[in-house]
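Colleague: Chain residues, written in single-letter form:
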Amino acid sequence: MDLSDTAAEAAFRRGLRDWLGKTLPELPPPPDPDDWPGRRAYDTSWQRRLYDAGYAGVHWPVEAGGSGATPAEHLIYLEETERAGAPYVGANFVGLLHAGPTIAAEGSAEQRRRYLPPILSGREVWCQGFSEPGAGSDLAALRTRAVRDGDAYVVSGSKIWTSHAEVADWCELLVRTDPEAPRHRGISWLILPMDAPGVTVRPLRTLAGTAEFAELFLDEVRIPVGNRVGAENDGWRVTMVTLSFERGTAFASEVLAGRRALGALAARAARDGAWNDGELRRRIGLLAAEFTALWRLVQWNVSEAGAGGVPGAGASVFKLRFSEARQRLYDLAAEVLGSGALLLPDQADQADRSDPAEPAWTAQRLQGLSYTIAAGTSQIQRNIVAQRVLGLPRPGRSGAGGG
Amino acid sequence: MDFRLTEDQRQLRSGIRALLAARYDRERLRAAVDAGGPLDRALWAELRAAGLFSLRATGPTGLGLGPAEAALVFEEVGGSLLPGPLVASELAAAHGVLGPGSAPVAALLRLPPGRGPLLVEQLPELEALLVLDSAAGELRLLDPAEVLPLARPVRGVDPLTPLWEVTGTLPAGTRIDGADPARIWAEGTLLTAASQVGLAARAVRSAVEYARQREQFGQPIGAFQAVQHLCADMLGRLEPARVAVRAAAVLLSAGPELTPRARAEVAGAKLLADEAAARGARDCLQVHGGMGFTWEADVQLLLKRAWVWQRSFAGARECAEELAGQVLADGSR
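Each protein sequence line maps, in turn, to chains C and Y. The working numbering applies: residue 44 is where the first sequence begins, and numbers increase by one. The working numbering applies: residue 13 is where the second sequence begins, and numbers increase by one.
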């Protein structure tokens, strides 16, 4: 059990810290959260800087264009970028953390050559077309249909909760290629060009008041067969690879962000007197323990998975605890803000701008309500933990109420 | 960074696990309950021979290992529900408070005490009573024979933890020079947290095992989502607690100095481990239903021991305050 940097890791950390120290002051101010073209431009230009400096896709293998850093160095990358207050992956999230790693692991040589470099250099942005109105947590119930016609699939159906869809170039799309097969067996994983004829994007307004994601309508869209990743009807297995990346380390940097925001919350509580409330203080202490332990869990999982390993079902434990910890943080912030927690984020006292680590609490609180729903609800994560990690039996009949 | 257990650590853990399984199985556990939780001197001697009390000692008899190894061993010891003040005894051995020889039996108290009476576990069996005086910042050694007349046996909640209540004024004892009380307190807190993790893991195993074999409505209760979610949450509390304990142990292994980071992670580990153990035992009882409420079922032993360890070394209040202070220091930097 060793948590200290090796000589190589220490050198990597130093180099990255120096580069961040030089580069971050040059960045323009971040765009308005609702300005999606602005966010795309900002996020991809940050990605370009990472690319030019050799820090793009640190955790990607060298043959996929990444720097082939070890999993431990990937965690150092997350620690240092968070510590320095660097921008998030933002619009590059799906490309860098889902689609890219999936294509690197399951795509053909030609697909890797075509799609990976533009993700790394910030030229192209991806979105995710997995969920449908009738297939959320029960993803295998998806109905978007793909019918083979010569060298193309003709795709019709609709997708929902498609983040960044308005500004994406590509979509990782799940379609049903064999309606006769058992539901997990007839699915394929396709690469959809977002500018293809028949694709309509309709932004969805969330309870936070923002257009965070969209509905996607597909009307006889032709997608070349060459855009299929993995074998026909093998899309479920490919999807499980994608989702294990998501549940593994995709949220790791958010644990660090949570810890940092908690520090800012404590500082604010100390400034305005809320700190004298012992109960509130101790809840802050308990959350600090949570975030630290979640980071240690990431380090543990990464060490256990080893280089190139795909995170296992145990990642569901992380996802479960992380989502709840994040929501408790915002509820605690509301306690500190008092009646200020009822004001929308554009009101002045939401965050103290003298502290760059302090987020706009109410915006985050609203946004954070999605944590226990997105990427598999907490109830689904509990099913996975119970059945696949603990080995409890699957429900035998409907009366058992399983999922 | 490689957080995985080393090969030596795995062997150490499996060695102690095998010993405990062979010498303290369910039959002996229940015999100990019937006998009121006596100290099993023969077993303690075997544990000493296996290195439990010399893990961290240096010199010819010691293994010279660190807190990380001690924490791993205490996960196993904690899961076994073996009675006795094991943590304080390990501390006494590691810090050379008692000379080499028989297996040490020591308890550690802190003054001023928290709320409630001043309780000492296994008082007549002790060879040493350590008192950590927070105000003076020193560690003192008291002769248990001098304390015994000031105490009376009381009925404790845990059938495996016989308790004595000290009612008189404690003698001054002798000051132990060269001891770092804050460090010793942190080590005791860590090893207690490790014990809780072992207990919580046993609670998960027990609940899952029962949920797989107990049938209701024509199927194992473990197939019901409500039961599955109880069990998933037990594991969800156990895993972060386990890594928190291991990380804190690694930080304590870095050197004799007690850094603020190490202090904070020890506090966090104890907080999470106490919760994983006490809530885990409660959930285990819930999964067992009416059977879990009986004296015959072992669930009560898990729950009651978890309560005892919650009150051993740093408690929830102290840990949460420690962490809050650390968050504020970090956040204001």
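Since the hints were derived computationally from the structure, they do not count as laboratory data. Here the structure is a predicted model, which means the values were calculated and not measured. Idealized CB from N, CA, C, for every residue including glycine. Worth double-checking, as some hints may not be accurate.
[Said to hold, decoys possible] Calculated Cβ distances over 12 Å to all of chain Y for the following chain C residues:
(1) Glu52
(2) Asp75
(3) Ser88
(4) Gly111
(5) Ile119
(6) Pro130
(7) Arg191
(8) Gly269
(9) Glu322
(10) Ile327
(11) Leu330
(12) Leu340
[As the list claims (entries may be wrong)] Residues from chain C that face chain Y, not an exhaustive set, calculated with beta carbons under 10 Å:
(13) Ala224
(14) Trp279
(15) Met283
(16) Val284
(17) Leu305
(18) Leu308
(19) Gly316
(20) Ala332
(21) Glu333
(22) Trp343
(23) Asn426
(24) Gly434
Colleague: So which of those numbered hints doesn't the model satisfy?
Modeller: The structure conflicts with hints 1, 5, 9, 10, 11, 12, 13, 14, 15, 16, 19, although it agrees with all the remaining ones.
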